[in-house]
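Peer 1: Each chain is listed here by its residues.
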Amino acid sequence: MNTSANWQRSLNIYYLEAKTEFLKAFRMPAFTIPSLLFPLMFYVFFALIFNRQGMNGQMPAYMIATYGVFGIIGPALFGFGVGVAIEKDQGWLAVKQCSPMPISAYFMARILTAMQFALLIILSLFITGALFGDVVLTTGQWAATLLVLLIGTLPFCALGLWLGLALKGQSAPAVVNLIYLPMSFLSGLWIPIELFSSVLQSFAWLLPPFHLAQLVLKIQGLDLGHPWFIHAGILTAMSLLFLLLARRSFKRISEAK
Amino acid sequence: MKFLIYSLVFVAILTGFIFLLPTPAVENPHHKTTIGNATDNTFVLTNVTVFDGQTWHQDSQLVINNGRISTDAGSSDELPRINGGQGFVIPGLIDAHTHTWGNALQQALQFGVTTEIDMFTALSFAQQAKLTRHSEAKTNQADFFSAGTLVTSPGGHGTQYGFPIPTINSVDEADEFVQARIDEGSDFIKIVYNHEPDYHGLTTISKQTLAAVIKASHARQKLAVVHISNHQSAVDAVTAGADGLVHTFGDRIISDELLTAMREKQVFVIPTLSVIASMAQSDHSAALSVDKNLTRKLSTSMLAEIKNGLKPFHGLPSRPDLLATAIENTRIMHEHGIIILAGSDAPNPGTAHGISLHGELELLQQAGLSPTEVLQAAGYLTAQAFPIGRRGDLSPGAKADFIVLSADPREHIKNTRTIVSIWKNGYPITSEDTTNTDSIEPIDEQPNTLISHFNQDSLKSFFDSDYKVTSDQMMQGNSTAAVSWTSNACDGGGIAVKGHIKSGFNYPWSGVFLPFSANMNKTRSLTAYQAIEFEAAGDVGVYQLMVFTVNNMQPVQIPFKITEQCRLLAVTLSDHPSVNWDAVTGLAWVADGSRLKPELASFAFSLDNVVIR
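As given, the protein sequences belong to chains B and Z, one line each in that order.
Our numbering numbers the first residue of the first sequence as 1 and each following residue consecutively.
Our numbering numbers the first residue of the second sequence as 1 and each following residue consecutively.
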């Protein structure tokens, strides 16, 4: 009889943790401004100003997909990678572990925060592309792009979590940046992957953003033509690997105490 | 509860937002145009000879109203007039056999192919690409019709391209399978069939399944066309009731029985001689890529892409008999009144979208079709055979898709390459070339002798520009070069060029470049001069003097020999009439692909006393 009350109470914990996490992130301009503005700024530069006529005028639509991927990686990687690393060093993670709140609420809150930021970035890209880039897609394609990008934050949350648990708070921002920018570039998010040499194209297969970008581009039929389940499968496998590595780091931290 | 309500409101707003985003114009085959509502695609094209798809109209005019051909009479006096300069107007070409994705439709239009009939592509592309085909709006791509997913067996031809497609297992599935294709939006049904169960290591559907699929298509008023590659398979397909064959065959000369059956059942054929030429390792496609009429307006990147596509199938033996038999079969079928349609099968090896249809037209002329019949095979007859609406002809009501040629295609079908302008939905198509010709200004000068002695430590040329490095890296190649001043050239000071030729680009080069203006934005006429002279010495071998001219991304190459001893070399301009000496943008002295061998790859030479006199 009181299971429903219990259930509501525990849902409330998740809700409050997610809300406070989002507010905390949103009130950090150093996080909010680059996360929201960089993808949009790059999109305006590379898809609308410099390369508008590229790929027979398909560049603005193409880059909605690739800068969408670039945009959603940021909050996921930084929220987890840097956020968790700092809170771990400050002992805040330990406090959360001791509190009666289930630790999953802590991670769920961060995932939801990353997704909310992702949503803001995607919508701002959609509006910019539609208004200034003459991007025209079917309603189904717009919706599918949004959905795949939102779900696509998960592998990068997993990667960020591992980095956050493995790295020291001080070094985390530098290391995450060192991974984020080259990984994005080499995955063909800034320049279409077709223009890469074949060696670099093969190398991109090792990078998770490449696979997510191919999935999103497939919605418009602009991908390299490999089956979607290969990319989805590789992304899932990579996510599991990151989670496994994160678990190992988490155990090491717990045992060190 | 409150949380739930908030969430629902949020999702509703988000959904509303998604629906507000711009979507392609909805397909509307019954689009009506309002007469008198003058737009950019309403005008009269005067002073032209018009082929309307069936007959030629000498010294005539064409009335275009809102992107469609209109009747000659009426208010045409009030419409804007465009002078066609005594050009020859033919309907936009229709390629009846392609596989379309990526930028294919844009590329096709650059060659005057205004409609592509696709014989199998990814569904996601097909559903998007067909949306605008009945529109009269301004566009930069050809219209698109498609079989969508082809009908093949598990492990059959069509399944090997890396994306999963539904396949048919047995006769019983025919109705359901065809209905599924139609529900997906297939404009017609394309079936792959071979009479022997093993088809180059692939499986095939059975004769019974073939017949069942054709019957299921006809029951739903859909055309059923069949991919075959030999005589016996053609016999089976025609017996089973196929409406058309999408290839001809070269394994034997067509039998009288098959000929009779095809004529009686009015089966049409898309011979795709271009792709058969490629399988036979013919040099047919190589000729296309060097045809200046076809390539002069292309950007460097598109030209490179096309040249790559035009390379024949790799690793097949040379089989001139295969192509000869296929052409002969086409000739016999045409003689016996069987409808022949033009299709390239681009982008299979040896073919590329747009350009290869011009090659196919030439092959059809070789197969005995008159030039006018060839034009009908790429237009009027195609629109009779396939359900693609009013196109391929220029009679009132048809789409205003047409090409203006400078030479009469009745004289030779190769004149379809003398394209002056391409019009799609009544709008002129601008060239894909990004070089803006208008901003390139000619410079008139007195023909003073121009000399670079290189006596000072400087790479300054007689024009306001520096000698500099050029290499195939601008085409994603890997060759390198370094250019510097040296005091040890033939006559003291000169230019030292060192470099490496490496594989990467198809036509590797590296060396030194003399731009005729600092930004390559000026042309100079050399018509008042007689010769280009220079002294050179260095690693022995053949090098190239490249002459760059305006609107021609591919420079003309004039070979010359370098020896260890200094030699004075001279190029007499009148010996090279193919160069447009009136509008030169630069010269280059380079090593080329003949130095690809490792022992030759590294080269060095010096250049001195460059003179234009």
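Incorrect hints may have been included.
Stated by the list, open to error - Below are the DSSO-like pairs computed for lysine-lysine, each with C-alpha atoms no more than 27 Å apart in a straight line: (1) B:K19 / Z:K207; (2) Z:K222 / Z:K207; (3) Z:K502 / Z:K468; (4) B:K24 / Z:K460; (5) B:K96 / B:K168; (6) Z:K311 / Z:K502.
Think of the hints as simulated: they come from the structure by calculation, not from any bench.
Peer 1: Sort out whether K460 (chain Z) lies within 27 Å of K24 (chain B), counting only the CA atoms.
Peer 2: violated (61 Å)
Peer 1: Please verify whether K502 (chain Z) and K468 (chain Z) have alpha carbons no more than 27 Å apart.
Peer 2: Distance ~19 Å between K502 (chain Z) and K468 (chain Z) Cα, so the pair holds.
Peer 1: Is the hinted pair K96 (chain B) and K168 (chain B) satisfied, with a Cα-Cα distance of at most 27 Å?
Peer 2: holds (18 Å)
Peer 1: Between K19 (chain B) and K207 (chain Z), is the straight-line Cα distance small enough, at 27 Å or below?
Peer 2: Given that 27 Å is the threshold and the Cα spacing comes to 65 Å, the pair is violated.
Peer 1: Against the 27 Å threshold, does the CA-CA distance of K311 (chain Z) and K502 (chain Z) hold or violate the hint?
Peer 2: OK: K311 (chain Z) and K502 (chain Z) at ~20 Å, within 27 Å.
Peer 1: Keeping to a limit of 27 Å between CA atoms, is the pair of K222 (chain Z) and K207 (chain Z) held or broken?
Peer 2: holds (19 Å)
Checked against the numbered hints above, the structure breaks hints 1 and 4 and satisfies the rest.
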